[in-house]
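S.K.: Note that the protein sequences, when read in sequence, are chains B and V. The numbers in the numbering used here rise by one with no breaks, and the one at position 265 of the first sequence is 265. Position in the second sequence (from 1) plus 1000 gives the number in the numbering used here.
I should point out that these hints are in silico values taken from the structure, not numbers from a laboratory. The beta carbon of each residue, even a glycine, is placed where N, CA and C say it ideally should be. Mixed in with the good hints there might be a few duds.
Just the calculated beta-carbon pair ranges, DEER-fashion [said to hold, decoys possible]:
no., chain 1, residue 1, chain 2, residue 2, range
1, B, Leu106, V, Ala1354, 15 to 23 angstroms
2, V, Ala1354, B, Gln205, 31 to 39 angstroms
3, V, Ala1354, B, Val192, 37 to 45 angstroms
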Amino acid sequence: MSRIKELQKNLFGGSTSNARQFGMIFTLIAVIVYFQVRTDGLTLTPTNLIALTQQGAYISILSIGMLMVIVAGHIDLSVGSVAAFTGIVVAKAITENDIPWPIGILIGLGVGALIGAFQGFWVAYIGVPAFIVTLAGMLLFRGGNQYIGNAETITVPKGFQKIGSGYLPDIGPETNYNNPTLLLGLLICVAVVIREFRARKVRQQMEGAEPTPLWVSLVRLGVLLAVILFATFRFAGGRVGTSFPISGIILAVLVVAYSFYTRNTAGGRHIYAVGGNARAAELSGVKLRRVNFFVMMNMSILASLAGMIFVARSAASGPQDGLNWELDAIAAVFIGGAAVSGGLGTISGAIVGGLVMAVLTNGLQLIGTGADKVQIIKGLFLLAAVAFDVYNKSQGRFSIVGSLMRPFRRDTPADPVALAEASREEEKAPAAG
Amino acid sequence: MESAPPLLEMRSITKEFPGVKALSDVNLVVRAGEIHAICGENGAGKSTLMKVLSGVYPYGTYSGSIVYRGAETRFSDIRASEHAGIVIIHQELALVPGMSITENIFLGNEPRRFGRIDWKAANSKALELMRQVGLTEDPDTLIKDIGVGKQQLVEIAKAFAKDVRLLILDEPTAALNEADSQHLLDLLRGFKERGITSIMISHKLNEIEAIADSITILRDGRTIETLDVAAGGVDEDRIVRGMVGRSLSNRFPDHRPEIGDVFFEVRDWTVRHPISTERLVCKNSSFNVRRGEIVGFAGLMGAGRTELAMSLFGRSYGVWLGGRVFKDGKEIQIRSVAEAIANGLAYVSEDRKAIGLNLLDDIKTSVVAAKLSKVTRNGVLDEAKEYREAEQYRKSLRIKTPTVDEGVTKLSGGNQQKVVLAKWMFTDPDLLILDEPTRGIDVGAKYEIYGIIQRLADEGKGVIVISSELPELIGLCDRIYTVFEGTITGEISRQDANPEVLMKQMTSTKKTLTP
């Protein structure tokens, strides 16, 4: 096995990885380097990184839920409207009914859960395609937002704004850096190291499996730690009063929790099973309806959270909130390697996909590109990224990187065309008996 | 016999895929007007060879030469080969379910008048083509409304619409019942008289023996031999010997059953069709299974065997109207698949790709999929345990794969079936229902699957085998129920079982029980 391949296999952990994500990491690095040079270093300044995190947090929260929806074989077009609807309900509750903002957040999550249960009911128990249900929801909740808010903008109090624009506080000794951010970075480093060695131990317990070579672990750790430390000092060393954003922390917690859920639990495995082959999953005892209901409901809860973070950041809830968010979230998921037909994709991939889009948008804005051109470039980029991958697969390669290692390839094909080919062409597989 | 000049000659064809040589130096000579069978185990290279021939793998992606009708050809794609009169009919039919027979026959090849499709001409031409293949249906009937057998005929009519000279059929009878298969074989004989040459890939050796003029045997991507049937001395055993490189004197492993008491019993099981409320797919079916016993269910396609099995397995098919299930003397309720699994039932479906496996999964994920609780603690997966469990099945069932991290699509049919068996053995079942467990599997793998089934019985489990191949049921089962139109029409013990008796019971409603 080639060394690049081993690295690829281990970057995203085990067999659920796929080449598009690996390619995306390189794309991400390339985009960052390109704009770092083009903007004379503006891209990686603390101020810009903080802005990127705050802008990207709510879309990334959406793409976590969207990934699960798409893996299960559905889609959710209503997330932007659901976010806006929740935003206005919470803003009204806090400002007009004097409800303390922490309770307002709980109310918001409750609204998301109710909406999710409503949409999930139609999808899972009646069998209406999610595309239709959420298209209806998109209209319904956009209208609801404007009905409740009277199409006006409602400002929210300072305390609530923290979840969107707050930072870790400045405490502890004077170090020229924000101490909690430093501490957080350190904790993440320790967690990453522990996780790596636990993963190695698990692999060693797999009798007959090739253990991950030590150098791969070390390279991977080295790269990860370098990135984390770099980011830590950037976030901690920004303008006084700023540090790592609260919204970034919320996102990070969600990413870790949902990655664990999708990768390491029976419930997560069921989502992939349903998306991969619903009938086979059903005949294996997976409760199809429950899974479908759950992913739709979960999506709306995350959408409501994203909506609240957005309202908090912009200090007000308005009728245009969350417009086109669904498209950004869906784009992130597909750029991150999910299959349109379901069953494939990872949260980390979706996050990287979202990051690529965010850095691209941010970089274009920094060099003064107009909003019109930014949209055109983003559209073309999405098309190119997925088309490139599909084309490569149809050629029997998996990606640029995959193509370098053709003799060693062993990933599961990721799109239905390649899959159908593969199942018909059992004869070409080395393992075929 | 060498008088007829070869219509087709493929010379030292070599085709490589990344990391594997699918064909190496393969030669194939097909004489004009013959029926030429290609035999080989799964993975021997049969389909790849046909794809090279039909231009699916264009000229330049393989080495060697193809001489067709006296000239070397270099097909760039499948259209080019069709233009030359070579038409391939794949195992998975390429028909549009929501379109009519006529529309399908002329799909991509529509007769036109002034740029518009001339449906009048198309319909009359379709009727003529349908007559040629012996298909009596209204040409406006939608494909999804006719059976697989007739769909197969539509495919052939479609080939005829393209002026076929060389017809290639990949496993044409795999999904057909006895009568439809017979009709298709008769049809091929008729084509032969009209001068159409056919190449047929099939696992059904009895059919090949009956119909082929010559047989080319492939093994591991190489030509082993070409047998001339007319010269005599070719029978199933001879073909098998060529395919597996040894003689399989016995197609079933020796087995001495140790049969215990009845532990599973179904009484008056009645199920209606999911859509048409009038139709009963199971009518008062009662049967039982003893520990350590292999029980067969024989019946024609559509007799209701799969429907019976799936409705038992957590009501996964149709609407349950009545009937009780007893296990170890106690009545049990099986209202969902989860309850079925919890009660020790396992169902291995007849279509492993469509409903048996998630083709995106790797082997280890597939093996544990039906009982994740065995590899989870508080809902969290123990990946090391998952791997170890899967690894055990890889060894004990001899699944041919380097590691259990491999995707299931990379496996051959026989090995995929072993993965499905492993998946259900992993649920620790007491009763396994195996629906067509050896369909589309080559001879060597079949033998292994039979061995696994016998081993399961020896562990004291009950095994139900549903099969359309009577020799398989007779060779494997301790007792056979026959099913006809949703009714169990007979119960035949191992000693009394022979194809004639079974066939009689499978086609009549008269109940005669000879336990």
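S.K.: Determine which of the earlier numbered hints do not hold for this structure and return their numbers in increasing order.
M.R.: 1
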